[in-house]
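Enquirer: The primary structure of each chain is shown beneath.
Number of protein chains: 2
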Amino acid sequence: MDSTLTSDAEAGLRSEAKPLPGYEAMPATDPKSPVALFGADEPLAMDSGAALGPFQIAYQTAGTLNAARSNAVLICHALTGDQHFAHRHPVTGKAGWWETLVGPGKPIDTDRYFVVCSNVIGSCMGSTGPASVDPATAKPYGLDFPLVTIRDMVRAQAMLLDRLGIPDLFLCIGGSMGGMQVLQWASLFPERVFAAMPIATGARHSAQNIAFHEVGRRAIMADPAWADGRYFEEGTRPAKGLGVARMGAHITYLSEPALHRKFGRRLQNRAAPTFSFNADFQIESYLRHQGLSFVERFDANAYLYLTRAMDYFDLAEDHGGVLANAFRASKSRFCVISFTSDWLFPTADSRAIVHALNAVAAPVAFVEVESDKGHDAFLLDEPALFSAARGFVDAAARARGL
Amino acid sequence: MDSTLTSDAEAGLRSEAKPLPGYEAMPATDPKSPVALFGADEPLAMDSGAALGPFQIAYQTAGTLNAARSNAVLICHALTGDQHFAHRHPVTGKAGWWETLVGPGKPIDTDRYFVVCSNVIGSCMGSTGPASVDPATAKPYGLDFPLVTIRDMVRAQAMLLDRLGIPDLFLCIGGSMGGMQVLQWASLFPERVFAAMPIATGARHSAQNIAFHEVGRRAIMADPAWADGRYFEEGTRPAKGLGVARMGAHITYLSEPALHRKFGRRLQNRAAPTFSFNADFQIESYLRHQGLSFVERFDANAYLYLTRAMDYFDLAEDHGGVLANAFRASKSRFCVISFTSDWLFPTADSRAIVHALNAVAAPVAFVEVESDKGHDAFLLDEPALFSAARGFVDAAARARGL
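Quick mapping for you: the protein sequence lines, in order, are chains A and B.
Counting along the first sequence from 1, when you hit position 392 you're at 392 in the UniProt record's numbering, and nothing is skipped either side.
Counting along the second sequence from 1, when you hit position 17 you're at 17 in the UniProt record's numbering, and nothing is skipped either side.
Do not take every clue at face value.
In this list, chains with the same sequence are indistinguishable; a pair is considered to hold if it fits within one copy or across any two.
[To be verified] Okay, derived cross-link-like pairs now, EDC-like style, lysine to aspartate or glutamate, Cα gap no bigger than 20 Å in a straight line:
(1) Lys139 to Asp162
(2) Lys94 to Glu42
(3) Lys32 to Glu191
(4) Lys32 to Glu296
(5) Lys139 to Glu233
(6) Lys94 to Asp381
(7) Lys262 to Asp228
(8) Lys94 to Asp394
(9) Lys262 to Glu317
(10) Lys32 to Glu234
(11) Lys139 to Asp381
(12) Lys331 to Asp228
(13) Lys262 to Asp314
(14) Lys139 to Glu317
(15) Lys331 to Asp381
(16) Lys139 to Glu368
(17) Lys106 to Asp381
(18) Lys262 to Asp372
(19) Lys331 to Asp111
(20) Lys106 to Glu233
Quick caveat, the hints were computed from the structure, so don't treat them as lab data.
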């Protein structure tokens, strides 16, 4: 592989951007992932007009790139996801987040394909984001980090693929914010995507979704420990605000039927309510746990930036208000997936994508998976998702001669 | 009317419970409403086992009680509502919250009926709640206030009706938390409710609704200014936490189609996004305004208590797990209303009520109103709601010989 790819030990830039006191505890650096470094002479041109450089991208791979370099798969992660799609997570110790779908013999078969997943720009698992140290000030960027868009994430991924010597993708796949990146890939680099699989996503973020994100951001910013985003220097952590943000968001990832099935109104270790503000109900205890565990693995400013990136995403608006225009140059085949109980990205959002693809006569399959698991179904054990993915990927492989 | 009803000037108890510094700015006392005082010898027996006394109930009336005392209507208000159903609000200056439905010539015709609406126990618009001063300590109750249930609210209302000399209700009506009270009235006092109209409500709070409430409570409690509920003594106000709680809740009162119609992805006074965390989108600006205006009129602890009351509500659980049992002694006729786009209390919740009423052969009409306005439709200009109410109320009046 390219010699400019570097391990942690070789990362000159990385040791230069040394964490400040208090900063070590944050997940902004991830010693378990290889990192691609881009110097000040190779900046990322961002939609805001900013040129980010130097910067770095942390990533993980599985499988082997074939001699023709034609079997590469790019997995795009969701809002709070990361590059550990098929590897034990270095912070949580949990299994890779998409081991259900990706691995030897799985629908995305790592015995056949070379799979790459990079931490998005603006996040906090090793790629440059607001928790990274700004070389110009030797302090974490905080809100001085430029606003990131989905297109910026994709541009950075393209730079990583260039570095890895991957001319084009056999498959680009992702759910939720990852699905937005898939759509952006197919639109921005039509020659570089053979097959695209956007899952549980939309071509734009709805008003209701912007609203939920805004509540989460206000919760973080309301926390005095957030300190206008300068919490590293202050030695504080906006854990309460970030926890509230996560609790609220987590509800939107599930569904009413799933919550009813999993928790209903069952009480937590008690025969009767305590007539207090204790977590009487199991759902309360579960949500509190979700909030607490999230703040241990995620940076509050990164959460602000990535939610904002999703809010700004509107692929039609970028193409004269006509979504089909985004795909006029597309050479990709598509498989669009939605879940019946997903109310964050309801099936109507997927249908809008399919209609736009139909309008430009792009090859597209559309599967609405019957599931009560809500938005997060794309991360869970959903046999209908796996069989759809297997069928689509296998057919695409045959078409590509893999 | 009963001589123990008292105006503000006569309220001995009230002047005794004098606000502490900082407390005057809170809406916990409402000089515009008459108040019924209940002494320590007339305590409210609460579900928690507590006996609340002395306590007071602030209320408003419209119309005239007839000689037979048979034309009384009780309006039950929602979570953050109050008694100003047909009167200008003393804090916000806005019109009464149900003037669309109640007034001269309206479906609930104040030329024909004597309409009463009282601020629920646990709230902050003049009835005793956590912002009230505990006579035992001369300080605001804060979290020392006993947990309140929907049944406690109804018991207090019944005490008020006794005081007002109203033996039974011609009609009991309310939406959301008000609808819970209506159901509780019909169940707890089957002889005292001639007609009942629960709107946009459920016989129990769902896991998802508990979850949203819990997020709001955590947002308030995460605010250091909340000070474990002792903010009056501290001279602080948990405005940020309460604002976040309100923003999140407000989304659940609307619907995705309504948000899309009203705001969509339209920008706020700008041609292009600012690439910042400013309120670029109109929906963000609208939500921030909702949060800011709410904290000026509502007490944070009261919000904790009333959300908890809704969470605890489960009428079936109170009757051996069978909802129909709650209505076995019912003498009421019912009109149950839901709205198609209400996802907080979806039509399925209303159907469960109707099925239970069917099981005990209670007279029940059920109307699902086609509306894209979400849960808050019950407060808005919905002609189908008004015509259903008019038809039901007129028929009930004829049956009662009014």
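Enquirer: Each hint needs a verdict: does it hold in this structure or not?
Expert: Evaluated hints:
no. : hint             : in the structure
1   : Lys139 to Asp162 : neither (30 Å within a copy, 68 Å between copies)
2   : Lys94 to Glu42   : neither (35 Å within a copy, 58 Å between copies)
3   : Lys32 to Glu191  : neither (32 Å within a copy, 71 Å between copies)
4   : Lys32 to Glu296  : within (17 Å within a copy, 50 Å between copies)
5   : Lys139 to Glu233 : within (8 Å within a copy, 39 Å between copies)
6   : Lys94 to Asp381  : within (16 Å within a copy, 51 Å between copies)
7   : Lys262 to Asp228 : neither (38 Å within a copy, 31 Å between copies)
8   : Lys94 to Asp394  : neither (29 Å within a copy, 63 Å between copies)
9   : Lys262 to Glu317 : between (39 Å within a copy, 18 Å between copies)
10  : Lys32 to Glu234  : neither (28 Å within a copy, 47 Å between copies)
11  : Lys139 to Asp381 : neither (42 Å within a copy, 54 Å between copies)
12  : Lys331 to Asp228 : neither (45 Å within a copy, 60 Å between copies)
13  : Lys262 to Asp314 : between (34 Å within a copy, 18 Å between copies)
14  : Lys139 to Glu317 : neither (36 Å within a copy, 56 Å between copies)
15  : Lys331 to Asp381 : neither (31 Å within a copy, 50 Å between copies)
16  : Lys139 to Glu368 : neither (47 Å within a copy, 58 Å between copies)
17  : Lys106 to Asp381 : within (12 Å within a copy, 54 Å between copies)
18  : Lys262 to Asp372 : within (11 Å within a copy, 29 Å between copies)
19  : Lys331 to Asp111 : neither (26 Å within a copy, 71 Å between copies)
20  : Lys106 to Glu233 : neither (45 Å within a copy, 61 Å between copies)
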